[in-house]
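Peer 1: One letter stands for each residue in the lines below.
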Amino acid sequence: MTDLTQQQVRERIATRLASRHRKEKLFRGLGIASIAFGILAVVVLFTDIISKGASAFVQTQIQLQVNYDPAELGIDKVDSESLAWANFDGVIRNALRERFPDVSGRSEKRELYSLVSSGAGFDLRERLENNPQLLGQSETIWVNADDDVDTYVKSLSKSKEGFLGRTSEQKAGWINALRDSGEMEKRFNKTFFTNGDSREPEQAGIRAALVGSLFTLLVTLALSFPIGVAAAIYLEEFAPKNRWTDLIEVNINNLAAVPSIVFGLLGLAIFINFFELPRSAPLVGGLVLTLMTLPTIIISSRASLKSVPPSIREAAMGMGASRMQVVLHHVLPLAMPGMLTGAIIGMAQALGETAPLLMIGMVAFIVDVPHGVTDPSTVLPVQIFLWADSPERAFVERTSAAIMVLLAVLITMNTCAVWLRKKLERRW
Amino acid sequence: MQTPTLFALLLLLILVAYGTGFSRAISAARSRGGVRSLASLPSYYGVHTALWCGLPALVILGVWLAFDDAIIRALVLGGVADRPESMSGQNLLYAQIQNLAAGNLVGETTPQLSAAAAHLNSLRQSGQWLQTALILILAVGLGAYALLRVTPELRAREKVEKVLRAILLICACAAIFTTVGILMSVLFESVRFFQAVPVSEFLFGLHWSPQMALRADQVGSSGAFGAVPLFTGTLMVSAIAMFVAVPVGLMSAIYLAEYASKRVRNFAKPLIEILAGVPTVVYGFFAALTVAPFIRDLAQSVGLEASSESALAAGLVMGVMIIPFVSSLSDDVINAVPQSLRDGALGLGSTKSETVRKVVIPAALPGIVGGVLLAVSRAIGETMIVVMAAGLAANLTANPLESVTTVTVQIVTLLVGDQEFDSPKTLAAFALGLMLFISTLILNFIALYVVKKYREQYD
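Quick note, the sequences are listed as chains E and R, same order. Heads up: the first sequence is residues 1 to 428, going by my numbering. Heads up: the second sequence is residues 1 to 459, going by my numbering.
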């Protein structure tokens, strides 16, 4: 440096300054681009799911004039036994034939019958069961259309031609006739929220999965929250500093990073093979998810215990409280909001978890809504996984719709957690 | 008595024990001049009695419930003269007996089976009686004993607190139990697997096709367990993911920590963290139905052959999933770098980016490395995205446009559905699980060590 005159130094700085500033701008630009990429990913993900799934909340339905004709149904009174045998499909076929009287020939008729969902008979049965006086009467009702029809009708709103798929030209003609006369329209898809899984897309719903998720989460919450809080209290308030506690802490930190599927292996080997608990049950799912969420809950509970200032403990001790009393009467209530927030976040994590539940058999095809924690059931994320594998086009929108429901629940839970933290957390 | 009824009765007994313990303490104190003469508050005497009444009974009930099925099964099967040797044969036989005992077996029965079913029913009956009697006697007896011990001198609070403390300790040990449980479950089955398939073949074999022949004369399914294609597939998908996640995550953390105004930070940070809250199955669906077809079409438009399930699609989406993980961990360590270092660098005339690159990042590097290692362990263990988007074919390839399979995918495919526990096919899943557990464990250890070692450098 000493060899250079001041002039030369100034020149060098000046020449390099431009490139340094360019680099600065570039660096900054890269930062902005990264943020933009992240936000873009969120936006693309959500618009993709919503654009695919929004149409599943409506379902094409057909208006039919059905006659609960005892002769056609093959029953003379309304009770559960005769209803189980009654020929509701025949009633629907009659109604379809009446609507399109000029259809003849076996294959054409079969084509006609396939306009209506094969589950429509169950709707009629339910209707008749609840209103026994309808026997022998006629009424106008809306029944679900078949999923091919549904797919075609929905695709019409996107393009003029529409996606025919397995739908024949002739069928498309009937569909358009029905649409023109207002006997076919898209209505709110109640089935999606009231039914369990089904092989037929138009009859498939998320109710069973939602109830299964609820049971699983209840088991998880009932076990992981008390155990997690107790563990946090011990580690934060009572544990002596020794190897044993170090071992526990290392374990907790490690478990927090163990892949979730390994917990599934644990559940399979220990809960199902060793203890012979029932497969596919929310009880086992809850147990596995408990082990998985425990580290999260312990870590957040410890953080919130830590944030209670020592002065509270000292004051209570000064009043003669025992250590257990200090914790249970003073520290724990103050730390509770933070712990609850942690618990909600842990539950949200558990609700979205899929892989370990696949291991313990919650992938079975289950139609019935579970009634208890030992009934076979599935959960919402697994239902999404199963539907995503189904070849029918109509399942794509249902999968996306199920994802929308799942995301809505998760966002609600996380918002609750944030709200709770803002509302109840005290700054000392 | 059915177990739920018994449980309810037990809870009632515990409540009664609390009440009587409480009132007995007060009445014992009355003759000595009121509650002040008691060693502890009256409620502690109540809890003390309730614990004596309930705790042993509950523990015994839990142990009973955990083991009674297995014991009954062993007893019933032990009574059957010519029972099959194999585990699956025994399972089948026991299921038959169970169905018969429940009265819903269709088809013919042998006298031996019906005898076994009757045996099962009588065992269940007497087991139920024994259970009820044992639990109730235990609860009432110990409750009464504790009640008799209620005297003003009894230091009830200390005893109760001791028990509570023990319960807290047991809960804290849950983490250890879980680790031990994981180790045992994967280790035992892996050992059985390695008895059938040599370790060297598993670790270094290049061919993976786990279909086992069910019959000796079956064609074409010999079962090959060379896991190298799975390891390379896992590494490739994870590498692609890290290629996306590390630069994007790190740069956004730097921008948010060093450049962004408070408003931008408050807006962008939660938005990016949404990505962390999205369930993996949603990413899997997105990867399989949106990203993979997009990549295939893109590759075809430039004349490349691409499979519809590609490592690239799975890796890209996984990278997006890990962005918030990397960014929030780096954010923490970048914020932990003291301001004085930045001020020093800026004061010497360096630009902001030079400060970040030459001062802040080197200072935060250990933390960042630790975070990246944790992210890698996450990518290795991630399951749903690869199950849905990466494919099942065990290709040994370096082309990211081809479909590859990973360790987690194979665990899922081997274990989902019906399975038998003595075939190498299912045991292979546990061996893969062991590999997964060990590798993530090592990564976590290194990461935690690095982070811990350098965290408080500047404090």
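Hints are supplied without guarantee of correctness; some may be wrong.
[What the hints assert, rightly or not] Under the rule of at most 25 Å between Cα atoms (straight-line distance), these lysine-lysine pairs were calculated in the DSS-like manner:
#1 Lys25(E) - Lys162(R)
#2 Lys423(E) - Lys269(R)
#3 Lys162(R) - Lys241(E)
#4 Lys241(E) - Lys358(R)
#5 Lys23(E) - Lys358(R)
#6 Lys23(E) - Lys452(R)
#7 Lys241(E) - Lys352(R)
#8 Lys23(E) - Lys352(R)
#9 Lys109(E) - Lys154(E)
#10 Lys358(R) - Lys306(E)
#11 Lys422(E) - Lys453(R)
#12 Lys25(E) - Lys352(R)
[To be verified] What follows is a list of derived Cβ distance ranges for each label pair:
#13 Leu148(R) - Asn242(E): 35 to 45 Å
#14 Trp244(E) - Ala224(R): 44 to 54 Å
#15 Leu11(R) - Trp419(E): 31 to 41 Å
#16 Leu328(E) - Pro338(R): 50 to 60 Å
Read the hints as simulated data drawn from the structure, not as lab findings. Quick reminder that beta carbons are idealized off the backbone N, C-alpha and C, glycines included.
Peer 1: CA of Lys23(E) to CA of Lys452(R), is that 25 Å or under?
Peer 2: violated, 33 Å
Peer 1: Between Lys423(E) and Lys269(R), does the CA-CA distance stay at or below 25 Å?
Peer 2: holds, 21 Å
Peer 1: Would you mind confirming whether the straight-line C-alpha gap from Lys23(E) to Lys358(R) stays at or under 25 Å?
Peer 2: With Cα atoms ~13 Å apart, Lys23(E) and Lys358(R) stay inside 25 Å; holds.
Peer 1: Would you mind confirming whether the straight-line C-alpha gap from Lys23(E) to Lys352(R) stays at or under 25 Å?
Peer 2: Holds, because 10 Å separates the two Cα atoms, which is no more than 25 Å.
Peer 1: Regarding Trp244(E) and Ala224(R), is the given constraint of 44 to 54 Å on their beta-carbon distance met?
Peer 2: holds, 45 Å
Peer 1: Does the alpha-carbon distance linking Lys422(E) and Lys453(R) stay inside the 25 Å limit?
Peer 2: violated, 33 Å
Peer 1: Need the status of pair Lys358(R), Lys306(E): alpha-carbon distance at most 25 Å?
Peer 2: Violated, at about 35 Å.
Peer 1: Range hint 31 to 41 Å: satisfied by the CB atoms of Leu11(R) and Trp419(E)?
Peer 2: holds, 34 Å
Peer 1: Can you confirm whether the C-alpha distance between Lys241(E) and Lys358(R) stays at or below 25 Å?
Peer 2: The hint is violated at about 39 Å.
Peer 1: Does 50 to 60 Å hold as the CB distance between Leu328(E) and Pro338(R), or does it fail?
Peer 2: violated, 39 Å
Peer 1: Would you mind confirming whether the straight-line C-alpha gap from Lys25(E) to Lys352(R) stays at or under 25 Å?
Peer 2: holds, 10 Å
Peer 1: CB of Leu148(R) to CB of Asn242(E), is that within 35 to 45 Å?
Peer 2: holds, 38 Å
The structure is inconsistent with the numbered hints 1, 4, 6, 7, 10, 11 and 16, although it conforms to all the rest.
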